[in-house]
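Using the sequences and the accompanying hints, generate a full structural model.
Number of protein chains: 2
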Amino acid sequence: MPNRVDQYAIGIDIGGTGTKYGLVNHRGDISYRGSNIRTNEYDDVNDFVDDLYKELKPSIDAVGIENIKGIGVGAPNGNVYTGTIDFAPNLPWRGVIPLAKMISDKFGLPCSLTNDANAAAVGEMMYGAARGMRDFIVITLGTGVGSGIVSNGMLIYGHDGFAGELGHTIIRPGGRKHEGTGAHGSLESYASATGIVLTAKEMLQQTDKPTLLRNYPLEQIDSKLVYECAMQGDEIAQEVYRFTGQILGESLANFIMFSSPEAIILFGGVIKAGSLILDPTKEHMEKNLLNIFQNKVKLVLSELKEADAAILGASALVWEKREV
Amino acid sequence: MPNRVDQYAIGIDIGGTGTKYGLVNHRGDISYRGSNIRTNEYDDVNDFVDDLYKELKPSIDAVGIENIKGIGVGAPNGNVYTGTIDFAPNLPWRGVIPLAKMISDKFGLPCSLTNDANAAAVGEMMYGAARGMRDFIVITLGTGVGSGIVSNGMLIYGHDGFAGELGHTIIRPGGRKHEGTGAHGSLESYASATGIVLTAKEMLQQTDKPTLLRNYPLEQIDSKLVYECAMQGDEIAQEVYRFTGQILGESLANFIMFSSPEAIILFGGVIKAGSLILDPTKEHMEKNLLNIFQNKVKLVLSELKEADAAILGASALVWEKREV
Chain A
1 MPNRVDQYAI GIDIGGTGTK YGLVNHRGDI SYRGSNIRTN EYDDVNDFVD DLYKELKPSI
61 DAVGIENIKG IGVGAPNGNV YTGTIDFAPN LPWRGVIPLA KMISDKFGLP CSLTNDANAA
121 AVGEMMYGAA RGMRDFIVIT LGTGVGSGIV SNGMLIYGHD GFAGELGHTI IRPGGRKHEG
181 TGAHGSLESY ASATGIVLTA KEMLQQTDKP TLLRNYPLEQ IDSKLVYECA MQGDEIAQEV
241 YRFTGQILGE SLANFIMFSS PEAIILFGGV IKAGSLILDP TKEHMEKNLL NIFQNKVKLV
301 LSELKEADAA ILGASALVWE KREV
Chain B
1 MPNRVDQYAI GIDIGGTGTK YGLVNHRGDI SYRGSNIRTN EYDDVNDFVD DLYKELKPSI
61 DAVGIENIKG IGVGAPNGNV YTGTIDFAPN LPWRGVIPLA KMISDKFGLP CSLTNDANAA
121 AVGEMMYGAA RGMRDFIVIT LGTGVGSGIV SNGMLIYGHD GFAGELGHTI IRPGGRKHEG
181 TGAHGSLESY ASATGIVLTA KEMLQQTDKP TLLRNYPLEQ IDSKLVYECA MQGDEIAQEV
241 YRFTGQILGE SLANFIMFSS PEAIILFGGV IKAGSLILDP TKEHMEKNLL NIFQNKVKLV
301 LSELKEADAA ILGASALVWE KREV
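Chains as they are written, first to last, in UniProt numbering: chain A, 1 to 324; chain B, 1 to 324.
Be aware that a few hints might be false.
Just so you know, same-sequence chains aren't split out, so a pair can sit in one copy or run between any two.
[What the hints assert, rightly or not] Listed next, the in silico DMTMM-like pairs over lysine to aspartate or glutamate satisfying Cα-Cα at most 20 Å (straight line): (1) Lys287 / Glu179; (2) Lys298 / Asp160; (3) Lys177 / Glu286; (4) Lys201 / Glu219; (5) Lys224 / Glu202; (6) Lys296 / Asp160; (7) Lys209 / Glu239; (8) Lys296 / Asp86; (9) Lys106 / Asp51; (10) Lys287 / Glu262.
The set of hints was computed from the structure by calculation and includes no laboratory data.
Take a look at the structure:
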């Protein structure tokens, strides 16, 4: 076996707006990073792959293609078994896109593809807060709520590659309607940035209490504003985070009773509120756990720099241990 | 590698009332079965192990101890990592019991121990409805609700051995109180035999509709009676099963979005009601799934004979593939 420290992997993270990519060695050092590609400007996925190749070619030549083990791609609705992106609502390409094969053919390298939250979990296991752990869950709290679950040292992909959609589990039967899925009371409808804004607007309607949030027209209230008001000590804005933490904590308790992870790692914009959301999350998580699980599971924040995490996670797929 | 078909495993299933045990070959043929040991008559666990040994010794001698690969034990609160039974409320032995070591020392054979629902899952994978599956969930619906989860071909034990307590996940926040755990709205508080009786009693109080159940004093209503009335076409008794199925179906949807199993296998007394509970279960399971999971997951009944399932499941632990 060659010394893997001298080997490289390419990581590509495809988002609805932009795509990030880089060259990473086995230790997680990013020797090249790029973000010049605007995903939503490519109507034709072939042009997208061509431009990705042009961007990465110079750095591939610099280390020699023989020293690159492969390419890892994190993408919304990415399926590890088929290497396809299936019906991703936030990408410009319709239907089923065989992206792993297209990239592999263009670059002349093997390519693994999965969804972005799974890539994040592999990244945390190799380079982040989950180093050395065999059982953990990563929850990404951003515009939506994503998740990657590792048990027995391996990602849980399920029989079809779609496992780990914890954002869509129902925590309030008959509760708030999710505009994208039509489901009522899913975790994502509360604990995402979108959910936080909805909670804030609901609270404004339900109370007459003074709040900084009333200084703004309803349509200007976004998650950043709720965050800023909360940080300034605004009671209603803080109550928004407390409620969000409660829902998140109740959900985490259910997840723990499923896979009994050593830790739950939180990642994404929503957790910038720090203890305002973490304290109620922890409280309601513990409160809803069966006693054999209480005070055992670490609730930790991702250690990866947000700017690098997506590239690291995608590149880590290349080194992932997987049974197929 | 020797031909495993000629090898045997001992399976021991420890219940709160009785203990079942048997000698099983690799194909799942039970060549000896016994059930003479009443668990609750043993204040001292040493006497229990001694009597187990006396019961099994003749059949061990008959095939030769060199042809027995090991002993598998399914027991409430059994922990696979430590080989101990930890604080099992329904067993006569208090605290932490190092049962795997005690049995191994007495018999001179390796011993694996886990909880009864995990043993059931391994049994289904080797001999039952999950043969050839790498991703499935077994739900046991009896006095309580237990579960065993298999992903990537391996049981999910979690970091501490306690994974798979799906009966204790919360499906109705703030709902019915579970007498044993104090939790509100857990699956077990509704979908167990105990839960069915509570639902029936609640419905009797909430409605004036005629029902056969009113022919009995409230304290005589048990799950068998609810079942019999439902089978005779009693509307209220059938509504009890419909409601139970709804709760179960909503829970199953959440479990599917966690691990995306190929099938969910149901086992235990509660499912004797057949389509009365399965139809609403399936309906509400599908209704609460994200579209990528819909109409994909098989909802099946265990194929194992109830009398043999416990011994088969426990013995299958001996052959289990496990990463440690």
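List, from low to high, the hint numbers that the structure doesn't satisfy.
Hint check: nothing fails, all pass.
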